[in-house]
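S.K.: What follows is each chain in one-letter form.
Protein chains: 2
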Amino acid sequence: MKMSEKWVYLFKEGNAKMKSRLGGKGANLAEMTTLDLPIPPGFTLTTKACLEYYNNDKSLPDGCEEQIDRALAETEKMTGKKFGDKKNPLLVSVRSGAPISMPGMMDTVLNLGLTDEVVEGIIESTGDKRFVFDVYRRFIQMFSDIVLKVPLGKFEKVLESVKKEEGAEFDKDISPKGYERIVNEYKSIVKREAKRPFPSDPREQLLLTINAVFESWNNKRAITYRKINNIPDSLGTAVNVQTMVFGNLGEDSATGVAFTRNPADGENHLYGEYLTNAQGEDVVAGIRTPKSIDELKNENFKAYTELAKTCRLLERHYRDTQDVEFTIERFKLWMLQTRTGKRTALAAVKIAVDMVEEGLITKEEALKRVETRQIDMLLHPMIDPKAEVDPVAKGLPASPGAATGRVVFEPEDAVELNKRKEPSILVRFETSPEDIAGMHACEGILTQRGGMTSHAAVVSRAMGKPCIVGCESISVSYAKNEFRVKNLVVKNGDTITLDGVTGRVMMGEVPKVTASLKGEFGKLLGYADEVRRLGVRANADTPEQARVAHGFGAEGIGLCRTEHMFFGEERIRAMREMILTDNIEQRKKALSKLLPMQKEDFKKFFHEMAGLPVIIRTLDPPLHEFLPKKPKQIRELAKEMNIGEDRLVQKISSLSELNPMLGHRGCRLGISYPEITEMQARAIFEAACEVKKEGKEVLAEVMIPVVNEAREFENQKEIVDKVAKNVMSEYGMKIKYMVGIMIELPRACLTADLIAKKAEFFSFGTNDLTQTTFGFSRDDVGKILPDYIEKGILKFDPFQRIDEEGMGDLIKMGIEKGRSTNPKLEIGICGEHGGEPHSIDFCQRAGMNYVSCSPYRVPVARLAAAHAVLRQKEAKNQ
Amino acid sequence: MKMSEKWVYLFKEGNAKMKSRLGGKGANLAEMTTLDLPIPPGFTLTTKACLEYYNNDKSLPDGCEEQIDRALAETEKMTGKKFGDKKNPLLVSVRSGAPISMPGMMDTVLNLGLTDEVVEGIIESTGDKRFVFDVYRRFIQMFSDIVLKVPLGKFEKVLESVKKEEGAEFDKDISPKGYERIVNEYKSIVKREAKRPFPSDPREQLLLTINAVFESWNNKRAITYRKINNIPDSLGTAVNVQTMVFGNLGEDSATGVAFTRNPADGENHLYGEYLTNAQGEDVVAGIRTPKSIDELKNENFKAYTELAKTCRLLERHYRDTQDVEFTIERFKLWMLQTRTGKRTALAAVKIAVDMVEEGLITKEEALKRVETRQIDMLLHPMIDPKAEVDPVAKGLPASPGAATGRVVFEPEDAVELNKRKEPSILVRFETSPEDIAGMHACEGILTQRGGMTSHAAVVSRAMGKPCIVGCESISVSYAKNEFRVKNLVVKNGDTITLDGVTGRVMMGEVPKVTASLKGEFGKLLGYADEVRRLGVRANADTPEQARVAHGFGAEGIGLCRTEHMFFGEERIRAMREMILTDNIEQRKKALSKLLPMQKEDFKKFFHEMAGLPVIIRTLDPPLHEFLPKKPKQIRELAKEMNIGEDRLVQKISSLSELNPMLGHRGCRLGISYPEITEMQARAIFEAACEVKKEGKEVLAEVMIPVVNEAREFENQKEIVDKVAKNVMSEYGMKIKYMVGIMIELPRACLTADLIAKKAEFFSFGTNDLTQTTFGFSRDDVGKILPDYIEKGILKFDPFQRIDEEGMGDLIKMGIEKGRSTNPKLEIGICGEHGGEPHSIDFCQRAGMNYVSCSPYRVPVARLAAAHAVLRQKEAKNQ
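In the order they appear, the protein sequences are chains S and U. The first sequence begins at 1 in the numbering used here and counts up one residue at a time. The second sequence begins at 1 in the numbering used here and counts up one residue at a time.
Careful, some of the hints might be misleading.
The list treats identical chains as one, so a pair stands whether inside a single copy or across any two.
In silico DSS-like pairs for lysine-lysine, Cα to Cα no more than 30 Å straight-line [what the hints assert, rightly or not]:
1. LYS386 / LYS297
2. LYS725 / LYS791
3. LYS639 / LYS486
4. LYS795 / LYS817
5. LYS629 / LYS783
6. LYS696 / LYS172
7. LYS630 / LYS651
8. LYS758 / LYS783
9. LYS817 / LYS791
10. LYS795 / LYS717
11. LYS693 / LYS368
12. LYS588 / LYS783
13. LYS795 / LYS758
14. LYS421 / LYS757
15. LYS783 / LYS639
16. LYS824 / LYS812
17. LYS651 / LYS629
18. LYS419 / LYS491
19. LYS632 / LYS480
20. LYS486 / LYS651
If you are wondering where the hints come from, they were derived from the structure by calculation, not from laboratory data. On a predicted model such as this, the values are computed, not experimentally measured, just so you know.
Taking the hints into account, I'd like the entire structure generated from these sequences.
M.R.: This is the structure:
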């Protein structure tokens with residue numbers, strides 16, 4: 001079996017589809033070879049050879065060496081050169097190339113095949129001593145570093161001291177003599193450090209290098225890169241052995257990289273850089289400043305024309321923007337690599353839409369070309385990628401975008417600064433609903449505690465405001481009005497910058513860039529709308545958010561949290577009156593003060609979303625969340641309410657709970673105090689009637705939260721239906737409405753068949769459902785999750801991405817059971833997961849009707865919903 | 001359809017199996033009639049007629065009146081008497097009789113058929129004016145109370161004033177003249193209060209009474225009783241119309257009740273009470289103190305012998321102890337009722353086992369005869385026989401057990417104290433059905449009046465509550481809120497102790513002991529062990545509890561909560577040291593102090609449970625539970641630990657959590673601090689080795705709590721296995737052990753297949769699982785549950801009884817998934833539900849291997865597990 005395995009492929013034996021076997025680079029070199037492009041001949045060792053190398057106690061598998069020898073002979077034949085030959089020596093590069101690109105993570109050796117003898121021969125035949133020694137010393141250094149593990153630093157001083165002695169500014173200014181000295185010094189360093197002489201047999205050089213490249217698959221940075229990018233360790237890397245061509249043979253030679261379109265903005269023109277008289281690594285290393293590709297047109301028109309032609313050909317052939325490496329050896333163009341060009345979010349959108357309009361790709365292909373996270377980036381100001389940043393702390397990137405402002409610790413201070421149009425960053429231990437005004441007024445939020453779905457995270461995402469949470473390395477002191485991070489003390493009023501994309505915190509201001517929504521962006525989302533089957537609604541707590549969401553294409557409101565409306569100054573007072581009385585008449589009186597305010601808000605929602613469904617959730621949080629916690633606030637409130645401070649303290653303490661998340665909240669409140677549900681229902685239906693009177697279509701959906709039992713829902717539905725009937729008869733009109741539940745508890749899934757007999761819709765509140773399914777408190781999980789992910793116990797944060805393995809089954813069960821008794825049941829999701837692409841994919845597969853997410857994620861959700869359809873199609877075709 | 005329905009059955013047309021249609025009383029009267037026993041003729045209106053009465057706008061269904069008339073005519077024929085006839089009038093009793101006995105909850109009218117004319121006729125024929133008027137005034141009073149709703153109190157003064165005038169001590173001493181005056185006064189009261197004359201047509205009397213008895217199905221106390229006893233409201237009551245016989249025709253007449261065996265201790269002899277020259281209600285009302293049935297032997301040997309014979313016959317026929325009512329009318333015995341005799345827990349066990357040994361019933365029947373809650377009662381405390389007691393009064397020992405509490409006189413006060421978890425003793429002149437809520441709320445009942453079959457006695461026996469009745473030496477004053485006994489005044493709020501076994505009343509608290517498994521009790525549990533398939537283990541946190549559990553028959557430890565061992569003074573200090581350090585070395589040092597203490601505890605467990613499995617759970621609660629909360633304690637601790645108070649406060653606050661139930665606890669601690677799990681595993685295995693060395697078999701099971709993901713478990717199992725291996729090699733021996741998980745979170749059920757690949761056992765921690773499935777915090781749910789149960793939203797407290805409808809599915813899923821990847825998986829339950837019979841029944845059906853419960857519930861669980869098997873058998877046979 002092993003005998004018959006093909007470990008080595010000549011370039012001409014492969015093609016672009018063989019990526020998993022030949023790696024990306026190898027497959028593309030093969031493809032280009034078959035396209036008759038100018039590719040220096042060579043061959044590829046397969047990824048399987050790499051895996052076998054590890055299985056085989058780190059040695060090449062049986063038959064591999066023979067196949068290498070045969071391929072080498074073939075390469076010699078094609079080039080007319082010979083390995084180790086003095087007169088016409090073959091030199092090769094040896095490069096890694098995994099099936100998924102891992103740029104710079106693994107090792108490469110160039111100019112392999114040089115020995116003292118070969119060098120002498122080349123000098124004889126070319127007379128270019130300087131060039132040959134330069135190449136030789138590069139080879140020795142690279143080979144020693146990668147194969148013999150001699151640290152690069154050991155060689156550093158030699159080059160510098162020679163340059164200094166000779167007064168040479170650049171490497172190319174060193175004299176041939178100087179290079180010779182360098183080479184000799186290098187060789188004695190190798191002998192000293194590696195305790196062996198530098199190998200003088202090219203075949204030995206080659207075999208040692210191939211082994212070393214295989215080894216580099218498991219170097220530390222490669223492992224880390226794979227972990228970060230979710231690349232399986234089981235892929236292995238291929239190794240490409242290719243005839244060297246030289247961009248450093250003089251001013252008629254050059255080397256460079258090019259993109260078939262501009263990777264920054266997507267404009268359709270050749271884009272790239274090159275260096276004259278240099279080898280490829282010099283461009284990447286950034287030691288010399290390369291020239292723009294446009295200059296090549298003047299310097300070497302023929303080569304430029306051929307390059308431009310080749311690039312066009314490659315783009316047409318691959319039907320995507322290519323990122324190519326080329327070398328010009330004495331006016332002759334050689335292509336060394338082509339691969340799909342990485343691009344910015346902006347470019348990705350433009351290129352995808354342009355290519356559709358050029359007829360190059362289909363709309364579906366265009367959609368696949370743009371990642372959802374790119375859409376997300378386009379919607380927020382970002383730290384300028386070119387800016388130098390010096391982070392002082394790092395937390396969880398809870399809401400993307402960058403923000404700069406003065407540090408404040410009290411929400412009131414943010415409000416104060418906002419009045420003076422001064423930007424602020426609200427820094428809190430953690431936030432709570434009372435901080436909402438401050439959160440609204442600031443530019444960005446930083447908390448010491450909390451996870452990706454903590455209060456701060458959720459609210460700031462809803463606001464589209466940069467936010468970093470769980471920044472445990474800072475230590476906030478409200479008393480001192482400062483936070484500390486290591487030895488640094490950051491005071492109230494100091495300026496900091498948050499990077500919500502990465503979670504970095506910087507002192508002072510950092511330059512930012514904003515991408516505006518160009519025409520292509522809208523077009524791309526239009527393609528997505530054509531493809532997707534999931535509706536996309538938005539979670540919005542204020543009419544302003546609803547407006548933003550509508551602008552981003554939301555097809556309704558999936559969650560309006562009414563309690564967020566209670567935090568205005570006048571409202572919280574009425575709310576507190578309602579909570580603090582034990583007397584039902586007084587409670588009703590307080591509620592009647594809230595009624596017109598809620599009604600006004602709902603009217604704005606119905607106006608904004610005319611003709612679209614609006615889900616309004618009845619009161620959800622435990623009542624103690626509306627009461628003050630600090631002695632001073634309590635004292636003030638007692639005075640304001642004209643009740644004894646003691647009584648107030650007692651009342652607050654009687655409402656407090658050990659585990660409020662599992663406490664007296666959601667429909668449990670509405671069951672204890674039916675008059676609250678009554679008031680809210682009345683506000684909804686009066687608003688609906690009044691808006692309808694103005695000629696707008698209203699589709700109201702009343703959602704009952706925290707239901708775990710059908711009879712809870714029925715209790716609340718009865719109240720809503722009764723109020724609806726009364727209000728509609730008072731106004732003399734009919735309103736289309738539904739009553740349904742928010743599914744936040746496992747038992748609601750388990751008894752969904754019973755609940756769905758009466759409920760008209762289900763909306764999965766996956767934040768809370770994650771809490772109870774996992775037994776993780778959102779507010780406390782910051783202590784656990786990072787450690788869990790670090791240790792590999794959890795693969796991701798289940799508050800960010802739906803846990804399909806466990807909770808997914810519960811959701812599917814809820815959907816199946818629900819539809820079993822009510823086939824017309826409308827099913828959606830309104831947890832934070834509703835804007836997360838993996839989770840949206842799950843929602844599509846689970847057969848939901850829509851997803852609902854924060855306003856700024858609506859475009860992301862539209863694209864993700866389209867992706868989900870395309871992925872399902874692909875899965876079906878396989 | 002309605003025309004053909006049979007609403008009325010003559011006694012001779014029915015039998016004992018027709019309880020659901022004829023009610024318990026009616027079915028048994030029919031059965032006795034077919035046995036040719038001396039039963040006064042009569043007929044029964046069906047329960048369906050009652051339901052139809054309610055459906056039919058509270059009037060009798062079509063055809064019913066005609067059927068009544070026909071049955072009445074048949075009864076007249078059988079008795080030779082005629083309704084309303086002056087010469088030979090038929091008088092009847094009209095009694096309720098539901099399918100499930102609800103003693104005293106509904107209404108009864110006796111002596112129906114009396115009118116002025118009939119009375120005159122009887123006086124003429126018997127010459128016994130006193131008797132006739134006594135009967136007549138009873139009838140007027142009863143009928144007016146029940147049918148015409150004239151309050152009983154309205155009649156009270158008349159009787160008392162006549163007695164006073166005539167100087168009569170008892171009712172029977174009133175002169176015929178006096179009775180005539182009473183009757184006339186009664187009739188004018190009726191006319192005044194009911195605004196109608198007393199009906200003079202016997203047929204009208206009968207129809208009105210039947211309606212009134214149907215009405216009484218829905219009186220308040222009947223509804224309450226059904227709620228307490230889980231009797232469906234949909235059953236309805238039958239009505240029995242039966243020829244009156246008179247126990248009040250003179251000294252040759254009597255009426256009484258008898259049990260075929262002693263209902264207090266189960267001894268096999270005729271037991272009962274009777275009153276000479278009285279009607280049945282007099283015995284139950286407890287107004288006169290009745291004589292023991294043994295005296296009847298002397299007073300009326302023939303009647304006694306016939307009664308004894310009839311009782312034996314009935315017991316053999318029904319194969320169970322009977323509770324009969326009889327009347328002797330001029331030496332002739334009449335049976336008025338038979339039913340299964342209620343009995344104390346003690347009696348139930350003895351009777352069941354005796355009957356097995358007598359060959360009357362099978363062991364399985366014996367098991368079915370004893371309710372699990374009776375076993376529970378037997379385990380309730382009794383007065384310590386060695387305690388010196390100083391009784392202040394002595395009454396009849398109506399229901400066994402000992403109880404201590406504060407004296408209350410009003411049922412509402414008992415309810416009030418119960419809310420504050422304060423035990424109370426309800427002291428009443430006598431009790432009546434209206435007192436039921438208070439009787440439920442108190443710990444024990446003491447009445448001044450009444451016999452062993454008085455209301456207080458019957459109800460308290462059913463409730464398993466200590467009760468002393470007929471304690472004539474006390475004198476209760478509701479007005480003064482006190483009772484006197486000799487010179488002693490006992491006030492509301494004073495503490496007393498009742499001994500329900502002997503009838504003694506003591507001041508203050510008296511030491512108590514709990515029953516052990518001897519005699520018939522042990523035999524019965526032996527039968528249970530033969531039948532049951534579920535193992536029964538105990539939850540025990542201390543070696544002492546393990547010892548108690550073992551004594552009760554526990555077959556191992558299902559849950560040993562190791563953290564409870566950390567609260568001793570020396571231990572908590574080491575624990576706090578461990579928690580408060582940030583340094584791993586210091587933490588290990590603190591843990592090493594805890595190691596020998598834990599080891600000693602575990603050794604005691606292994607000793608006690610040699611040869612039986614012992615499940616030890618690793619540390620579960622969040623660490624902040626071990627730290628002090630009050631400023632003073634914190635100050636002391638800071639001093640003790642020699643750290644700054646500020647630092648301590650900060651540390652405590654950094655450990656605090658918003659929702660600790662969903663916080664950093666269970667295996668999450670063991671993952672953060674592997675050294676804790678290491679220490680605990682070491683303590684377990686060192687203990688195991690040392691006990692094994694002494695020649696005892698050790699079966700250790702290490703349980704990892706709060707697991708929601710297979711990799712969490714694997715992380716902890718690795719630690720346990722490594723320590724086990726090391727310790728076993730240090731001691732040079734092998735210990736049989738398993739590592740498994742506690743299933744407390746929905747996700748553990750959802751991913752049970754993945755977890756079971758490595759886990760060797762599952763133990764369902766249903767307390768926590770209920771919390772997350774429902775989203776109810778155990779600590780906070782007190783605000784919600786009572787209201788939910790009151791409103792019918794939940795049918796029972798899911799923390800007491802497993803919620804099969806919702807959580808049951810999750811548990812079944814966990815079991816199925818678990819066994820799918822590990823068929824040998826051992827599965828049990830260790831939540832509080834493990835000792836609750838309905839839940840045990842579920843565990844049997846769900847296919848668990850064992851249940852584990854608190855030590856004192858082990859006998860209950862043994863019986864419940866047997867019941868579960870029998871129930872499953874029955875279900876299969878149906």
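S.K.: State for each hint whether it applies.
M.R.: Evaluation of the provided hints:
1. Only within a single protomer do LYS386 and LYS297 lie at most 30 Å apart by alpha-carbon distance; the minimum there is 28 Å, versus 113 Å between protomers.
2. In the homo-oligomer, the alpha carbons of LYS725 and LYS791 lie at most 30 Å apart only across protomers (24 Å), although the nearest pairing inside one protomer, at 56 Å, exceeds that limit.
3. With identical chains, the CA atoms of LYS639 and LYS486 are at most 30 Å apart between copies only, with a shortest distance of 28 Å across copies and 43 Å within one.
4. Proximity of LYS795 and LYS817 under a CA criterion of 30 Å is satisfied in both settings, with 29 Å inside one chain copy and 22 Å between copies.
5. Taking the closest pair of Cα atoms, LYS629 and LYS783 come within 30 Å of each other both inside a single copy (24 Å) and across two copies (21 Å).
6. When the C-alpha separation of LYS696 and LYS172 is checked against a cutoff of 30 Å, the pair qualifies neither within a copy, at 75 Å, nor between copies, at 85 Å.
7. Proximity of LYS630 and LYS651 under a CA criterion of 30 Å is satisfied in both settings, with 14 Å inside one chain copy and 21 Å between copies.
8. For the homomeric pair LYS758 and LYS783, the shortest alpha-carbon distance between copies (27 Å) is at most 30 Å, but the shortest distance inside one copy (41 Å) is not.
9. Within a single copy, LYS817 and LYS791 get their C-alpha atoms only as close as 36 Å, which misses the 30 Å cut-off; across copies the closest is 26 Å, which meets it.
10. Taking identical chains as interchangeable, the C-alpha atoms of LYS795 and LYS717 lie at most 30 Å apart only when they sit on different chains, with a minimum of 20 Å there against 40 Å within one chain.
11. Proximity of LYS693 and LYS368 under a CA criterion of 30 Å is satisfied in neither setting, with 45 Å inside one chain copy and 68 Å between copies.
12. Taking the shortest alpha-carbon separations for LYS588 and LYS783, only the inter-copy value of 21 Å comes in at or below 30 Å, while the best intra-copy value is 42 Å.
13. Taking the closest pair of Cα atoms, LYS795 and LYS758 come within 30 Å of each other only across two copies (19 Å); inside a single copy the shortest separation is 38 Å, beyond that limit.
14. For the identical chains of this complex, LYS421 and LYS757 are neighbours neither inside a copy (46 Å) nor across copies (40 Å), given an alpha-carbon limit of 30 Å.
15. When the C-alpha separation of LYS783 and LYS639 is checked against a cutoff of 30 Å, the pair qualifies only between copies, where the shortest distance is 28 Å, while the shortest distance within a copy is 39 Å.
16. Both within a single protomer and between protomers do LYS824 and LYS812 lie at most 30 Å apart by alpha-carbon distance, with minima of 16 Å and 29 Å respectively.
17. Proximity of LYS651 and LYS629 under a CA criterion of 30 Å is satisfied in both settings, with 12 Å inside one chain copy and 21 Å between copies.
18. In the homo-oligomer, the alpha carbons of LYS419 and LYS491 lie at most 30 Å apart inside one protomer (21 Å), although the nearest pairing across protomers, at 53 Å, exceeds that limit.
19. Taking the shortest alpha-carbon separations for LYS632 and LYS480, both the intra-copy value of 18 Å and the inter-copy value of 25 Å come in at or below 30 Å.
20. Taking CA atoms no more than 30 Å apart as the test, LYS486 paired with LYS651 passes between copies only; the shortest distance there is 18 Å, against 41 Å inside one copy.
Comparing the model with each numbered hint stated earlier shows that hints 6, 11 and 14 do not hold.
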